[in-house]
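Trainee: Sequence:
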Amino acid sequence: MADPRSKKISVLIFLFAIFIMLVVVTAGWIYRMYTEQTAYSEERTLATFECSRYYYVIHPDTVSYVDGTLYFEIENTLGSDIPSIMVESAVETKEVSIGLTQGIAQPVSLEMVVEDWVLVYPRGCKDVNFKNLTFEPK
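If you're matching positions, the sequence shown starts at 186 in the numbering used here and goes up one per residue.
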């Protein structure tokens, strides 16, 4: 029959091995979360700095949607030139090259399928610097 002291040592070694396994799994999980969150945070911070260079206004009285064509006027009030904008509806997304310089207002006419809202934003700035246009389609 086995010595009670050797049974205790065997149980302690077994429990210690389980503890080490849990520590390794937890450390791996924490490391993965840290690296994912750091990468996401860095990506969002860079996008925020990049997109904060654009200051533009879409004049609400110029927004209309008639016979499948969206009309609006966009003005670059301050900041860097806006080379292109993205126009996104619930149905489709289109890119418009406008080359909008500071202090200039430019009308935009775009054939696209629109329901009752449109997002307008400089390329790559969807979650950071966008304008939400809502209206009643005609």
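The hints are simulated quantities; they were obtained by calculation from the structure and are not laboratory data.
There's no promise every hint is true.
Said to hold, decoys possible - Computed Cβ-Cβ distance ranges for the label pairs, DEER-style:
hint, residue 1, residue 2, range
1, GLY309, MET218, 19 to 29 angstroms
2, GLU277, SER226, 29 to 39 angstroms
3, PRO292, THR223, 37 to 47 angstroms
4, GLU260, THR211, 30 to 40 angstroms
5, ASP188, VAL208, 41 to 51 angstroms
6, GLN291, ALA232, 46 to 56 angstroms
7, ALA275, ARG229, 46 to 56 angstroms
8, SER191, TRP214, 48 to 58 angstroms
9, HIS244, TYR219, 12 to 22 angstroms
10, GLY284, THR223, 49 to 59 angstroms
11, LEU207, GLU260, 25 to 35 angstroms
12, GLN287, TYR219, 38 to 48 angstroms
Just so it is clear, CB atoms sit at the ideal spot from N, CA and C, and this is done for glycine as well.
Trainee: Compare the structure with each hint and give your call.
Mentor: These are the hints, each one checked on the structure:
1. GLY309 / MET218: 19 to 29 angstroms: Holds: the Cβ-Cβ distance is about 26 angstroms, inside 19 to 29 angstroms.
2. GLU277 / SER226: 29 to 39 angstroms: holds, 31 angstroms
3. PRO292 / THR223: 37 to 47 angstroms: holds, 43 angstroms
4. GLU260 / THR211: 30 to 40 angstroms: violated, 54 angstroms
5. ASP188 / VAL208: 41 to 51 angstroms: violated, 30 angstroms
6. GLN291 / ALA232: 46 to 56 angstroms: Since the Cβ atoms of GLN291 and ALA232 sit about 24 angstroms apart, the hinted range of 46 to 56 angstroms is violated.
7. ALA275 / ARG229: 46 to 56 angstroms: Distance hint for ALA275, ARG229 is violated at roughly 24 angstroms.
8. SER191 / TRP214: 48 to 58 angstroms: violated, 35 angstroms
9. HIS244 / TYR219: 12 to 22 angstroms: Taking Cβ atoms as reference, HIS244 and TYR219 lie about 45 angstroms apart, which means the hint is violated.
10. GLY284 / THR223: 49 to 59 angstroms: violated, 36 angstroms
11. LEU207 / GLU260: 25 to 35 angstroms: Hint violated: Cβ distance 59 angstroms, outside 25 to 35 angstroms.
12. GLN287 / TYR219: 38 to 48 angstroms: Given range 38 to 48 angstroms: holds, Cβ gap about 41 angstroms.
Of the numbered hints listed earlier, those contradicted by the structure are 4, 5, 6, 7, 8, 9, 10, 11.
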